Amino acid sequence: MPLAGTGASLKAQLRRAERMRKLRAFALVLPLLLFIVVTFVVPILDMLRLSVVDRDLATVWPHVARSIGAWTDRSQVPPPSVFDALATDIRDSYRARTLPLAARRLNYAIDEGRTLVFTTARRLPETSADWRATLIGIDPHWGELATWAAVDQASGPLTSFFLLAAVDRHKTADGHIVATPSGQAIYVEVLTRTFKVSFIVTLLCVVLGFPVAYLLATQPPRRANLLMILVLLPFWTSLLVRTAAWIVLLQEQGIINHALIWLGVIDSPVRLIYNRIGVYIAMTHILLPFLILPLYSVMKGIKPSYMLAAKSLGASPTEAFIRVYLPMTLPGIGAGALLVFILALGYYITPALVGGAADQMISYFIAFYTSDSVNWGMASALGAVLLTATLLLYWVYDRLVGITNVKLG
Amino acid sequence: MSVSEPLVSFRGVQKTYDGEMLVVKDLNLDIRRGEFLTMLGPSGSGKTTSLMMLAGFEVPTHGEITLAGQSLRDTPPHKRDIGVVFQNYALFPHMTVEENIAFPLAVRRLPKSEQKARVARALDVVKLGALGARRPGQLSGGQQQRVALARALVFEPKLVLMDEPLGALDKQLREHMQIEIKHIHDNLGLTVVYVTHDQSEALTMSDRIAVFHEGVVQQLDTPQGLYEQPRNSFVANFIGENNMLGGTLEGVDAEHCRVRLDDGTLVEARAGCGDGAGRRVSLSLRPEKVELEPQGEIANRLTARVKETIYHGDHMRVRLDVVGNDDFTVKMRYRANRVVPKPGDTLSIGFAARDCLALDAPH
Ligand SMILES: Nc1ncnc2c1ncn2[C@@H]1O[C@H](COP(=O)(O)OP(=O)(O)OP(=O)(O)O)[C@@H](O)[C@H]1O
Ligand SMILES: [Mg+2]
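The listed protein sequences correspond, in order, to chains A and B. The numbers in the first sequence follow our numbering, run straight up by one, and end at 409. The numbers in the second sequence follow our numbering, run straight up by one, and end at 363.
These are calculated hints, taken from the structure and not from any lab test. Bear in mind that the values here come from a model prediction, so they are computed numbers and not experimental data. A couple of the hints might just be wrong.
[Said to hold, decoys possible] Here's a subset of chain B near chain A, in silico, CB distances under 8 Å, partners left out: (1) Y17; (2) M21; (3) H78; (4) G83.
Note that CB positions come from ideal geometry on N, CA and C, so glycine has one too.
Start from the sequences, fold in the hints, and give me the full structure.
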């Protein structure tokens, strides 16, 4: 038998013992893991795939997609074979009525791309000896490098177009990535706005929720239960109803403005809705329970004897609170804040209803691209950017707070 | 201030939580400088309440508590300079052992170097030198207990209160810690008020013991005084093992009295009761003071029936039926060629007059 304390063999034994335990634990979580993979991870990955996959043009214009590889000298327009392929494809897709697909895709990348495609299709002659000249004759855009760069980038099967667009960038004809002119750039601003609104809402939730959670945790059970019902009440009402209620309350002729005027705080109605203030108020109200509940359950677990001990050791009530109570609630604050922040990032109905045009969050645009303009590439690229930014922030949070210090109760 | 002046004194202290029942009734208690005083009593007798009033976490409904001659009425807990060890230790889980012990020094704004030195010394006193960097969660119950002790001692309080500090430990560790706490008390010259409902703990550790029952101190005395001279039958029963026999007082002369038992036997006893013939009294007899089949001259002899014998290693317990008390226990030492009685046997028991104390019968 090896001596007890000969590190290697002891460690090996420990590892073996641990491995069995881990295997069993793994077997227990396996069903849920599979469920999550099938219903959550796979759809998300599939969605993310859409942000780099670009087949719209290639399916409609197969010849162009195949022959564009012949365009090697990027200082001039492609060789004639590519123009021949374009003419064939435009004619074929015009007849097959699939041309609008190609038009839509090119329109993402070229101003007036749709007009260009349809005009060309309508004026296209049956035959031509020199398709290059004919096409440029129909529309001089076919003679521009930028047009062909867009066609090249849209020919798939992979593209960086959507992801670049989601961070207000695009590729020029010669392959450089440049910032979109400030007039057209919006997503970076929307993304920063999303994080800023979420951050401020989280902050407001912590400031407003902490005293409530403390009250809940320290009141006698009967009163605590009543308070808890008040906290949970919003949960039992539909999100839309709650948001609509805020519209009623906050409008210029609403109760809050009337009350403020009556109290003499203001002389004339202030604008509380369809701007950032309205977004902050409504979102904070809706997300508050997500902060209060984890914080409450953490506070509930803090025995009063800690505060007594701190006082007996010479700490004034304030000092005992700051040095002993507050640090013990940090895991709850951490969990609640993380929850609220991440939920806030994805909010779009509330800002859409109580915010103005300049208060829309990134999810609004994702929803717009999925349901209004059916631009899956753009929708999933924005989603990917949001996801990446969130994960990045989560990593920073883990570094600062330590995710193991977070406690949901 | 004279040396003999008490450090703490409770004067007519009463406490009620609900305005109906007095949890502490008229508590008068002087705690001497440097003594180890234990509050002993059954559950719910008001020990913790009394301690918490002294620490400042509960306010007396009536009466006054003074510390070193100063009324504590308007002194909040954190200004009392009293160290408290709580039953569940209440170590701060988010701080290391060292930070826990440094806490009272940090809130007193002591220089960092001084804090370090004092923490190191306190860790030495409780023999935990190597564990300073751990968190309380990584310590055993006994180690946590020591940290709590070190934390309550490190700021050199005038007075240390301990509320059942060993309640959560197993028997062996508890006995070990009893001795250690006692040593620390002796070496540092502390004044300690200790709460327990374990009488053997109270007997081994204390200079004096206050026996609590229903919010009243029944007796305040040295361990020996309580054991040998209990003032009433509650104390006699609560401290150590005790057998009770009912009877009627026949007459008292000075220290001695005669008691007629219910079966008519006359017994010589020490008088610990009020005067007056015809009074109901209880005779208190310790199991180790009663002899089975006594040889030679002895003041009192009674007949008993053996109900049961129980083996205890170094001795044997014999449960007897004596004058209607069928739970009368006698401790029997092993001696060579001693015959062990069997259930059903009839035998005689005897005891000296000084080993039998007549007390007022409980109502
Ligand atoms: N905060 C409180 N509110 C109401 N009643 C209380 C409170 N604390 C204690 N009591 C009551 O006061 C009485 C005395 O309690 P106390 O805690 O002083 O007893 P104790 O002697 O310490 O008992 P134990 O040995 O069980 O700790 C009990 O009947 C208890 O129910
Ligand atoms: Mg108690």
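Hint check:
1. Hint status for Y17(B) relative to chain A: violated, with the closest Cβ pair at about 13 Å, above 8 Å.
2. Annotation: M21(B) was flagged as interfacial toward chain A, and the flag is violated, the nearest CB pair being 19 Å apart, outside 8 Å.
3. The beta carbon of H78(B) is positioned within 8 Å of a beta carbon in chain A (closest approach about 5 Å), and the interface hint is therefore held.
4. Given hint, G83(B) at the interface with chain A, holds; its Cβ is 7 Å from that chain's nearest Cβ, closer than 8 Å.
Against the hints set out earlier in the document, violations occur for numbers 1, 2.
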